[in-house]
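All chains should be built: construct the whole structure from the sequences, respecting the hints.
Quick note on full-length UniProt numbering: the sequence shown kicks off at 1 and runs consecutively.
Honestly, I wouldn't trust all of these hints.
[To be verified] Keeping only pairs whose Cα atoms sit at most 35 Å apart, straight-line, the calculated DSBU-like set for lysine-lysine is:
(1) K253 with K193
(2) K317 with K193
(3) K246 with K193
(4) K363 with K122
(5) K85 with K400
(6) K214 with K85
(7) K218 with K308
(8) K122 with K193
(9) K214 with K401
(10) K122 with K218
(11) K317 with K96
(12) K260 with K242
(13) K308 with K214
(14) K315 with K401
(15) K242 with K193
(16) K321 with K79
(17) K122 with K214
(18) K317 with K400
(19) K421 with K193
(20) K421 with K401
(21) K96 with K308
(22) K260 with K317
(23) K401 with K363
(24) K248 with K315
(25) K321 with K256
(26) K100 with K214
(27) K206 with K315
(28) K96 with K401
(29) K260 with K100
(30) K85 with K317
(31) K193 with K214
(32) K214 with K256
(33) K85 with K315
(34) K96 with K79
(35) K206 with K321
(36) K193 with K308
(37) K315 with K100
(38) K363 with K96
(39) K193 with K248
In case anyone wonders, no lab produced these hints; they're calculated from the structure.
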Amino acid sequence: MTFTVFNICLSLSLSIGLWLVYCVCMYVRDSKTVISLLRFLIVIILQLLIAVLLILSNLALIFQTLSIMEDKNVEFIAKNFPELKNDRLLRAALGKEVDKVPVWVMRQAGRYLPEFQEVRAKHDFFTVCRTPELACEVTLQPLRRYPHLDASIIFSDILVIPQALGMTVEMHPGVGPVFPSPLQDPSEIDNLKEEGAVDRLLYVGKAITLTRHKIEGKVPLIGFTGAPFTLMGYMIEGGGSKTMSKTKEWLEKYPKDVHKLLSLLTRVIIDYLIMQVESGAQLLQVFESSADHLNRDQFIEFSAPYLKDIRSGVKNKIEAKNLEQVPMTVFAKGGGPYLDVQTGLGYDTIGLDWTVDPEEARKIVGDNFTLQGNLDPQDLYRTPEEITKMTIEMVQKFGKKRYIANLGHGITPQTPLESMKAFTEAVHEAL
Numbered sequence: 001m002t003f004t005v006f007n008i009c010l011s012l013s014l015s016i017g018l019w020l021v022y023c024v025c026m027y028v029r030d031s032k033t034v035i036s037l038l039r040f041l042i043v044i045i046l047q048l049l050i051a052v053l054l055i056l057s058n059l060a061l062i063f064q065t066l067s068i069m070e071d072k073n074v075e076f077i078a079k080n081f082p083e084l085k086n087d088r089l090l091r092a093a094l095g096k097e098v099d100k101v102p103v104w105v106m107r108q109a110g111r112y113l114p115e116f117q118e119v120r121a122k123h124d125f126f127t128v129c130r131t132p133e134l135a136c137e138v139t140l141q142p143l144r145r146y147p148h149l150d151a152s153i154i155f156s157d158i159l160v161i162p163q164a165l166g167m168t169v170e171m172h173p174g175v176g177p178v179f180p181s182p183l184q185d186p187s188e189i190d191n192l193k194e195e196g197a198v199d200r201l202l203y204v205g206k207a208i209t210l211t212r213h214k215i216e217g218k219v220p221l222i223g224f225t226g227a228p229f230t231l232m233g234y235m236i237e238g239g240g241s242k243t244m245s246k247t248k249e250w251l252e253k254y255p256k257d258v259h260k261l262l263s264l265l266t267r268v269i270i271d272y273l274i275m276q277v278e279s280g281a282q283l284l285q286v287f288e289s290s291a292d293h294l295n296r297d298q299f300i301e302f303s304a305p306y307l308k309d310i311r312s313g314v315k316n317k318i319e320a321k322n323l324e325q326v327p328m329t330v331f332a333k334g335g336g337p338y339l340d341v342q343t344g345l346g347y348d349t350i351g352l353d354w355t356v357d358p359e360e361a362r363k364i365v366g367d368n369f370t371l372q373g374n375l376d377p378q379d380l381y382r383t384p385e386e387i388t389k390m391t392i393e394m395v396q397k398f399g400k401k402r403y404i405a406n407l408g409h410g411i412t413p414q415t416p417l418e419s420m421k422a423f424t425e426a427v428h429e430a431l
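Right under this line is the structure:
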């Protein structure tokens with residue numbers, strides 16, 4: 001383009017110069033005067049040429065910058081997404097026929113990948129979460145390495161919600177998430193900043209939109225959130241806990257305040273998930289990762305009602321906004337004994353951990369729900385041959401109808417790369 005502009009400017013300047021020379025030669029007879037005028041004209045022409053070139057080059061730079069800005073902005077506009085090429089996941093979630101059992105893995109964008117480690121070596125965990133370009137890159141990494149994956153899940157963390165409510169959350173190496181100032185007393189619930197919380201999470205929406213454009217319709221993109229009880233546990237315990245003793249103390253001593261906090265979290269979660277759908281999420285998963293700390297009565301009182309409210313709230317708000325409904329999955333780790341309760345929550349898919357027998361689960365939930373799971377993540381430390389055999393047996397137990405293959409919990413950081421490959425390939429070969 002610069003070369004073309006230069007040619008145009010040169011031709012124009014030479015034409016003007018030749019015309020001026022002709023005029024000089026026609027009307028000025030003195031040779032010395034002619035030479036002086038010609039020198040003067042040459043200087044004028046060169047200055048004119050330089051000025052035109054500078055103006056045009058600056059204009060070209062401006063147009064190029066505007067074009068880049070426009071392209072970049074388009075990537076953050078939640079419309080005109082590439083057409084979806086692989087809809088196995090969505091079809092399975094809705095109970096439709098599929099050519100192959102869909103497969104994805106919880107935490108598939110994570111520490112077991114060397115390319116993820118390279119990103120983390122340069123940026124801390126929550127910086128990756130809060131930077132749409134980095135979150136997008138990490139989300140896409142497993143798809144490049146494992147072509148058999150039928151879904152992607154946006155890279156984020158369930159604890160971005162407590163952060164948006166005003167709590168400080170730090171990720172400590174070798175420890176995990178830490179709250180320097182957890183909730184010590186129910187009176188501190190009033191200090192949580194519910195208003196504007198979702199606005200403070202818009203970076204997740206931007207990451208979703210950017211990923212939808214960058215993924216080019218290869219597979220669907222999953223959005224997610226932590227469930228109210230699980231989030232509350234972190235906020236009270238100050239991090240992960242094997243006993244959740246402080247949280248259980250709250251359940252006994254301050255049940256009204258617990259319900260107040262769970263209701264607040266539910267409202268924020270609903271709006272957060274709606275924002276994800278508006279940004280381009282095609283399926284939503286709610287992680288009740290701490291369900292194993294609740295007995296049946298506690299699950300019915302402190303978990304199930306809020307999970308149900310989330311499902312109905314999201315559905316109603318999507319309808320009110322004239323958006324397309326998206327399937328939703330609930331995953332209650334340790335919730336196997338309460339599968340009958342989970343069938344009443346309204347979700348399309350129920351996730352199972354590795355402790356649940358697939359055939360027994362199907363008997364309990366019936367044929368109107370999709371099941372997801374449930375290979376033990378520790379089994380991925382076996383040989384590829386053993387993984388293939390176990391995966392095929394698992395898939396055959398679940399069957400092809402209304403089933404999404406996954407692990408029974410998130411993939412662990414030390415999982416061998418070839419194990420993930422063996423698992424995803426075996427799912428597609430099983431039936």
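Here is how each hint holds up against the structure:
Restraint check for K253 and K193: satisfied, since their Cα atoms lie roughly 24 Å apart, inside the 35 Å limit. With a C-alpha separation of about 22 Å, the suggested pair K317 and K193 falls inside the 35 Å cut-off, and the hint holds. Distance hint between K246 and K193 is fulfilled; the C-alpha atoms sit about 22 Å from each other, no more than 35 Å. Proximity of K363 to K122 is assessed by CA-CA distance (about 49 Å); at most 35 Å being required, the pair is judged violated.
This hinted pair checks out: K85 and K400 have alpha carbons roughly 20 Å apart, not beyond 35 Å. Of the pairs offered as hints, the one joining K214 and K85 holds, with about 14 Å between alpha carbons and a cut-off of 35 Å not exceeded. Between the alpha carbons of K218 and K308 the distance comes to roughly 31 Å, so the proposed pair stays at or under 35 Å and holds. Taking the CA atoms of K122 and K193, the gap is near 31 Å; set against the 35 Å cutoff, the hint holds.
Note on K214 and K401: the hinted pairing holds, with a Cα-Cα distance of about 31 Å set against a maximum of 35 Å. Between K122 and K218 the alpha-carbon distance is near 28 Å, which keeps this suggested pair within the 35 Å criterion. Taking the CA atoms of K317 and K96, the gap is about 25 Å. The hint holds against a cut of 35 Å. Restraint check for K260 and K242: the C-alpha separation of about 24 Å stays at or below 35 Å, so the hint holds.
For the hint pairing K308 with K214, the CA-to-CA distance comes to about 33 Å; that is within 35 Å, so the pair holds. Pair hint K315 plus K401 holds up; C-alpha atoms about 24 Å apart against a cutoff of 35 Å. In summary, the hint linking K242 to K193 is supported, as the alpha carbons are separated by about 28 Å, within the 35 Å threshold. About 15 Å separates the Cα atoms of K321 and K79, which keeps this hinted pair within 35 Å; it holds.
A distance of roughly 22 Å separates the Cα atoms of K122 and K214; the hinted pair therefore holds under the 35 Å criterion. Between K317 and K400, the direct Cα distance comes to roughly 32 Å. Compliance with the 35 Å bound is thereby established for this hinted pair. Proximity of K421 to K193 is assessed by CA-CA distance (about 43 Å); at most 35 Å being required, the pair is judged violated. With a CA separation close to 23 Å, the supplied pair K421 and K401 stays within the 35 Å bound.
Annotation: proposed proximity of K96 to K308 holds, straight-line Cα distance about 24 Å (limit 35 Å). Between the alpha carbons of K260 and K317 the distance comes to roughly 22 Å, so the proposed pair stays at or under 35 Å and holds. Of the pairs offered as hints, the one joining K401 and K363 holds, with about 14 Å between alpha carbons and a cut-off of 35 Å not exceeded. Proposed proximity of K248 and K315 is supported: the alpha carbons are some 31 Å apart, at most 35 Å.
As the CA atoms of K321 and K256 are separated by approximately 33 Å, the hinted pair is consistent with the 35 Å bound. For the suggested pair K100 and K214, the alpha carbons sit about 25 Å apart, so the restraint of at most 35 Å is met. Restraint check for K206 and K315: the C-alpha separation of about 22 Å stays at or below 35 Å, so the hint holds. The straight-line distance between the Cα atoms of K96 and K401 is roughly 8 Å, inside the 35 Å bound, and the hint therefore holds.
Taking the CA atoms of K260 and K100, the gap is about 44 Å. The hint is violated against a cut of 35 Å. Between K85 and K317 the alpha-carbon distance is near 28 Å, which keeps this suggested pair within the 35 Å criterion. Proposed proximity of K193 and K214 is supported: the alpha carbons are some 33 Å apart, at most 35 Å. For a cut-off of 35 Å, the pair hint linking K214 to K256 is broken: about 46 Å separates their Cα positions.
At roughly 25 Å between alpha-carbon atoms, K85 and K315 fall within 35 Å of each other, so this suggested pair holds. With a CA separation close to 26 Å, the supplied pair K96 and K79 stays within the 35 Å bound. Distance restraint check for K206 and K321: the Cα-Cα separation of roughly 19 Å lies within the 35 Å cut-off, and the hinted pair is therefore satisfied. Note on K193 and K308: the hinted pairing holds, with a Cα-Cα distance of about 24 Å set against a maximum of 35 Å.
Straight-line distance between C-alpha atoms of K315 and K100 comes to about 28 Å, which keeps the hinted pair within the 35 Å bound. Annotation: proposed proximity of K363 to K96 holds, straight-line Cα distance about 20 Å (limit 35 Å). Taking the CA atoms of K193 and K248, the gap is near 24 Å; set against the 35 Å cutoff, the hint holds.
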